[in-house]
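**Q** So the chains spell out like this:
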Amino acid sequence: MQYDHIVIRYGELTLKGRNRKLFTTQLAKNVRQALRNFPAIKVDKKRDRMYIVLNGEDPEAIMDRCQKIFGIQNMSVALKVENEETAIKEQALKLLTETENVRTFKVSTKRSNKEFPIGSQEFNQVLGGYLLSNIDGITVDVHQPDLEITVDIRSEATYLTSQKVPGAAGLPVGSSGKSLLLLSGGIDSPVAGYLTMKRGVQLEAIHFHSPPYTSERAKEKVLDLAEKLSFYGHSIKVHIVPFTALQQKIHREIPHGYSMTVMRRMMMRISEAVAEQEGILSLVTGESLGQVASQTMESMHAINAVTNYPVIRPLVAMDKDEIIRISEEIDMYDISIRPFEDCCTVFVPKQPKTKPKLEKVEQFEANIEFEPDIQEILSAIETVEIEAKDNQEEELGDLL
Amino acid sequence: MIYLDNSATTKPNPQVLDSFTKASTGFFGNASSIHGIGMDAERLLRKSREQAASLLEVNPNEIIFTSGGTEGNNLAIKGIALEHQNRGKHIITSAIEHPSVIETCQGLEALGFEVTYLDVDESGLVDIDNLKKEMREDTILVSIMHVNNEIGTIQPIKEIGEVVQSYPKAFFHVDHVQGYGKVPLNIQASHVDLCTISGHKIHGLKGTGVLYVKQTVKLFSLAHGGGQERRIRSGTENVAGIVSLVKAMRLAKEKQSELHKKLTNLKHTLMEQLQTLNRVVINTPKFASAPHIVNFSVRGLKPEVVIHALEDFEIFISTKSACSSKSADESAVLIACGKDRDIAISGLRVSMSYETTKEEVDYFFQKLTEVIKKLSEVMG
Amino acid sequence: MIYLDNSATTKPNPQVLDSFTKASTGFFGNASSIHGIGMDAERLLRKSREQAASLLEVNPNEIIFTSGGTEGNNLAIKGIALEHQNRGKHIITSAIEHPSVIETCQGLEALGFEVTYLDVDESGLVDIDNLKKEMREDTILVSIMHVNNEIGTIQPIKEIGEVVQSYPKAFFHVDHVQGYGKVPLNIQASHVDLCTISGHKIHGLKGTGVLYVKQTVKLFSLAHGGGQERRIRSGTENVAGIVSLVKAMRLAKEKQSELHKKLTNLKHTLMEQLQTLNRVVINTPKFASAPHIVNFSVRGLKPEVVIHALEDFEIFISTKSACSSKSADESAVLIACGKDRDIAISGLRVSMSYETTKEEVDYFFQKLTEVIKKLSEVMG
Ligand SMILES: Cc1ncc(COP(=O)(O)O)c(C=O)c1O
Ligand SMILES: Cc1ncc(COP(=O)(O)O)c(C=O)c1O
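Chains as they are written, first to last, in the numbering used here: chain A, 1 to 400; chain B, 1 to 380; chain C, 1 to 380.
In case anyone wonders, no lab produced these hints; they're calculated from the structure. Don't take every hint at face value.
Keeping only pairs whose Cα atoms sit at most 27 Å apart, straight-line, the calculated DSS-like set for lysine-lysine is [claimed, not checked]: (1) K94/A <-> K47/B; (2) K218/C <-> K302/C; (3) K47/B <-> K219/A; (4) K261/B <-> K389/A; (5) K249/A <-> K302/C.
If you want the ones that stay clear, here's a sample from chain B, every Cβ over 12 Å from chain C, calculated [as the list claims (entries may be wrong)]: (6) K78; (7) D129; (8) K206; (9) R299; (10) Y354.
These figures come from a predicted structure and were not determined experimentally. By construction, the Cβ of each residue, glycine as well, lies at the ideal position given by its N, Cα and C atoms.
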């Protein structure tokens, strides 16, 4: 069957009253961006839905790609027909005969164009009867049909659509500002990033790299995770922080029970500075309560004390199982479990303080000059922009 | 040279060979080494696996790279048998499988397994009702090929998959070696648990292949060791070979629908022409057969003699499959299809590739006509 | 780039790759096809087999071409076990074999076989008297490696062969993967029944190997099918791979004695230098070890960190073997040699090739010294 359109329905964002236009405009932009490898398509934004005019492009590939765009409630392939009874009948017949494995069907008509002469109930009957009399061995099943044909009669035309495919829901990325994600190679932080993007937030990421204690593979893993995330937005800037020297200094100068807390505070300070430079107003972390030593209430308190920026913690109240399930769903789990160390596990003290006291941390830090180290690090950050690549990278793609 | 023995092996595509050479020198590291040279190899391996998975529409961790079709079939069948023998020791296959399936099953019989070899009809087709009858509570594996390598019959894989699916203890293996790139197969929709592909049949290199192994399926490993390939198939990964294979898979897939049209036309023309010849009986079924294979017998003429006579014109075709071509007797596949012995001993196979042209097929037919005429005069 | 991880894998020799490419295009036929294109491939295959045999000083029909060391070891061990289980189900190996031997034995334990893992002394050597004590009437296989891949220990293969020889029911398998081209081994004089070689460890291509199988030895095939390779290892022969392997074998053999001298010198110099470093403990035994491997531990430093630090200078060495390098824990080989845990978790391996120069080794030593100094300051 040659479908010529995809209908995209908005869902949640239709509720947003005056902001609606902002959201739909952002969504249309995101859709165009995500589908830039399908040059023939056209995106036609309407008040209550959006059409992708296929112009011959492959509908399945496009629907696949659209499933990673937040702000889409659901979508269907569609066939555009003129508002005329015979044309609708013929096309519906074609649609039904050319779809495989259909023994039962159902017609539902929605007539928002009241000028169309036949009412929706009546048209269900008219069209149903027409289809029954033209195809052998087919019956109507209103409860569980193999194929439901929706006839959407609108002012400009009629759209015949079959099944609805759920979208990623949420809000269009870019409609809720920007945040900086502290991205490690673990399971949690990419999930935190994903959930934040789902609320319409565009991300940048920051990663702390400590060669030779952490390997290139660990860095690559993070870039691979960022690439997966970038499919939900357009592209993600990743700031790679050379962290070795500072970690070594902390290891040397701070009592071991407190080195972990101090290290995290340094990460927060550096992240805040990067956010400020980039005009970003908040940070995102993958912390959740009670998983490891650094995620006790006391620890969070001591670490949070260095920043006034809002810290978004989408996982804070989630179970590990839930987090893993999402990680698998969004295809990041296999990357996250690649066995390479990240910087947080490099100088793990034998007995980190699980309940660090803020005054003590501040006291330890006060004795040592860290500011020059931080300034040096900030000037040495490497930033890469990761784009959602639908095709293989050049270098390797050539071989494959 | 008119090479019409592409079911035995194909000429490697120069692009495929080129990828192999480049990867051999540029990515020679051991993908398990932790340094950068190992990492480069590992990344390339990972990309290859992802691409193979997307071509087969499965998950990357369901791709097990092997050394070819024979290894894939052995690993699938022995791997299931040895791992799951506590559940049952009954295996079902068909009478017209490739030797790497049939002989593997016979090898398992020697180890105490019981094997049912399903009959086929005159087209080489397995009968679904018959399969249903033979399924038992202790059946742990059904292994049926997609496209037969001698006569080209396409089995109803999806229907078979549905039957096997209803037996929770039984796994379903498909030898897809002759099918890949020629006849579409939807692995997941057909409920396939294991699926074999071989590189050198699709213009890739010898020594390369894939076994698809569904995520949830456990196999007894035939290659224990470093734990590579999901612990199912250890050994330092042949990254260059894998890269070349995936490239061959991609090229074959890209050409598939065009190829199907072209070869189907050539096949039908050739079959119609052959029908006009005296003594010739066509063994490839008219329907449900792959586009690249035409098998026929010339009654009363020794097939080797025909082959060698055609070689004088630089035309290369074969008797049955290469694997069994050295035993001079009848084709087990043709016998299983119920052919007379004199047909079964005189089978000839033409197998085409994307490079085959109409001119070549016409020229082949013309020379075959001459050869048959000449030889018949002698043989009387 | 200073590549000192040649025990993990080697860079293919350009001549070897060239042979592969030429054979892939010029001899692409299926060696089992009866026409001229098949015959050309078969002839090349035969020549290759003869040359491999003459390099190993064995008969051509004792050469079974495989896809590498892991397949060779699995085929030898499982092939004997499954074929001869009626005679007995006891297998002897050592505690420091490669995973492709150890894990294969463990796999067989799951199938009801009993395996004795011989202890080794602090140099990694198997004790002959101990072996004699463990030999039983139902022992069907003894599998001992020639050269250990982590620390380079050379086992007394001839003496072991003599012990096994006196048990008519027992076969003797040698994993010669790290030995070939480095340390001479006389297969026949050592009463070896099965012997594994891998192409990519000797500047050949991945996916290639040989298993020597003595004429009189029968194996259960892990690759049933068309009956190639004495029915032991079916599958369309990877002629180009085989040609490349045999070329690599020849080049390695030709260079062997020169290489032995050169690497032995480099090894001794390096070991002497390493001895002068604080924290460093040398694990490779001074005597009875291969010329290309030097294994040492840096107490208190994580080996991955040392490796990554050396990468900054384009120097590539490894932790234990590539196969087990991703599991962060201790080396089973070093533990078996009786080393403390802190030594066993910090093993590093330098493995050289014919391309390694004195300058490279000196530079490596200099940078290692610097790296250890710097890292030690931090770790306290
Ligand atoms: C149907 C079929 N299965 C399996 C094989 C074996 O594949 P390979 O030659 O790669 O071992 C072949 C070809 O020989 C084949 O035609
Ligand atoms: C001693 C030894 N045996 C066997 C093998 C396995 O060889 P391959 O990598 O060719 O499978 C190796 C190397 O990995 C080895 O070092």
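**Q** Next, verify each hint and record whether it holds.
**A** Structure-based check of each hint:
no., hint, result
1, K94/A <-> K47/B, "41 Å, violated"
2, K218/C <-> K302/C, "46 Å, violated"
3, K47/B <-> K219/A, "17 Å, holds"
4, K261/B <-> K389/A, "32 Å, violated"
5, K249/A <-> K302/C, "19 Å, holds"
6, K78, "7 Å, violated"
7, D129, "30 Å, holds"
8, K206, "4 Å, violated"
9, R299, "20 Å, holds"
10, Y354, "15 Å, holds"
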